[in-house]
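If you're matching them up, the sequences are chains A and B in order.
Each residue of the first sequence is one higher than the one before, starting from 2 at the first, in the working numbering.
Each residue of the second sequence is one higher than the one before, starting from 36 at the first, in the working numbering.
Just so you know, the hints here were simulated from the structure itself, not pulled from any lab data.
C-beta atoms are modelled at their ideal positions from N, C-alpha and C, and glycine is treated no differently.
Selected chain B positions facing chain A (in silico; Cβ < 8 Å): (1) 65; (2) 96; (3) 145; (4) 190; (5) 200; (6) 223.
Every beta carbon over 10 Å from chain B, so not counted as near; a handful from chain A, in silico: (7) 30; (8) 37; (9) 39; (10) 90.
Some residues of chain A that are not near chain B, with every Cβ distance over 10 Å (derived): (11) 26; (12) 27; (13) 28; (14) 29; (15) 38; (16) 40; (17) 96.
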Amino acid sequence: MMGWLLRLITSKKSLALRYSRPFRSRNSRRRLFAGYFVLIASVCLFSSLSFGQEFPNEVINIQSPAVVVRVHPKTGRPYVAITEPEARMQNPLGGFSKPVKRPDYRMLEKDVKPKETGYEGPSSDRKKVYIFAASIAASGVASGTAILAAPAAAAAGTGSGTGAAVFAGAGTAVAAGTTVVTADALRIKPQDGNYTRESVSQELRDFLKN
Amino acid sequence: MIKIPIMTGLRQIIFISFLFSGCAALFGWNIHAPGTLSGEFFTKVMPQSQRVALYFDQSLAGFVSKNKGGITADPQTYYAGEALAPMLIEGFQYSFEEFVLFEREPTVELMKQYRIDYLVAVKIRQFNNQVTWKGQRLELVTESAVFDQDLKLQTRFESRGSSDAKKVFAKKGGPEVNLNAALEYNAYAIIQHLQDWIGKNQ
Numbered sequence: 002m003m004g005w006l007l008r009l010i011t012s013k014k015s016l017a018l019r020y021s022r023p024f025r026s027r028n029s030r031r032r033l034f035a036g037y038f039v040l041i042a043s044v045c046l047f048s049s050l051s052f053g054q055e056f057p058n059e060v061i062n063i064q065s066p067a068v069v070v071r072v073h074p075k076t077g078r079p080y081v082a083i084t085e086p087e088a089r090m091q092n093p094l095g096g097f098s099k100p101v102k103r104p105d106y107r108m109l110e111k112d113v114k115p116k117e118t119g120y121e122g123p124s125s126d127r128k129k130v131y132i133f134a135a136s137i138a139a140s141g142v143a144s145g146t147a148i149l150a151a152p153a154a155a156a157a158g159t160g161s162g163t164g165a166a167v168f169a170g171a172g173t174a175v176a177a178g179t180t181v182v183t184a185d186a187l188r189i190k191p192q193d194g195n196y197t198r199e200s201v202s203q204e205l206r207d208f209l210k211n
Numbered sequence: 036m037i038k039i040p041i042m043t044g045l046r047q048i049i050f051i052s053f054l055f056s057g058c059a060a061l062f063g064w065n066i067h068a069p070g071t072l073s074g075e076f077f078t079k080v081m082p083q084s085q086r087v088a089l090y091f092d093q094s095l096a097g098f099v100s101k102n103k104g105g106i107t108a109d110p111q112t113y114y115a116g117e118a119l120a121p122m123l124i125e126g127f128q129y130s131f132e133e134f135v136l137f138e139r140e141p142t143v144e145l146m147k148q149y150r151i152d153y154l155v156a157v158k159i160r161q162f163n164n165q166v167t168w169k170g171q172r173l174e175l176v177t178e179s180a181v182f183d184q185d186l187k188l189q190t191r192f193e194s195r196g197s198s199d200a201k202k203v204f205a206k207k208g209g210p211e212v213n214l215n216a217a218l219e220y221n222a223y224a225i226i227q228h229l230q231d232w233i234g235k236n237q
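Let the hints inform the model, and build the full structure from the sequences given.
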């Protein structure tokens, strides 16, 4: 067998020797390229068929629900999610940019300031409340709209800096108006004690019967 | 005869601009919680070796409450859902060693294919807010249903998480952290109940 192959290669009519010499015609060059193309295509085709059968991998059918690894939008920790194939690329809870600092609930205790706990999370802009209250005070409107802003001042207490100073003016405007009685009637008695929290769970047996 | 004072100059401009621009949009509190659990959660909950799936529909993640907690309180908008969803995921991730989130409706085939023992479906029932002169109490009530691998209802429970604090609005980030605390205690109640129930029924 080997001898036959060697003879075939070294013989004058063999393809290898014929095409190892400089090309003499355009037709022979075309035939050579066509031969290479057919050879490469057939190798690719057969290898893909045979490897596909012998070494199956865990490719998930595109038509079935997709199992994806999502990144938690706040912590960046990955988790497994089962989603629709068309929704696999987009996390419905949003993307992750950087880990959010965990809140410290000591901040909710009466005498603890946010700076002490190093809070860096979101906060509402209180300025707009005070600007509105100041404008009401300036315009002298002591109606129901003005009293709407009053509990914020009470809840805001004294530790609100310049905002509180502006709001103090609004409080005077309300007090000077005709709605003082209403404000007193609506005042809720301050509760004793500090920060309290509750976490309760109970079984709903009536649902099980249905 | 009642005399109506005529406003002039700057006062008039301010009053008219507030009147026509929509005051409610100009003042009020848009409260977005941080949406992460505090360090306290991880000290209270012990992880359990169980494969548990969580499911909630998009209405939970988009839940918004405009309950201002009293007739005299400022308008407040609480974006509770956008914070609760990641907090539930984080809580379940930590509390159960194998956690799967269903972003689509679960089916029996999927439950069996991925050998998921329990599925927990959570929905919001109520969001309570009470603003007082001294502080604020927020409470979230959720309802959870536990299903087995055949999606048969096993148990259903209601969870309440609340946070009551003083001088909330005086502190920068106070309402946000108070909301976060109420949501976290709710998530804690769900997970504790679930872990106890699985422990008893295994």
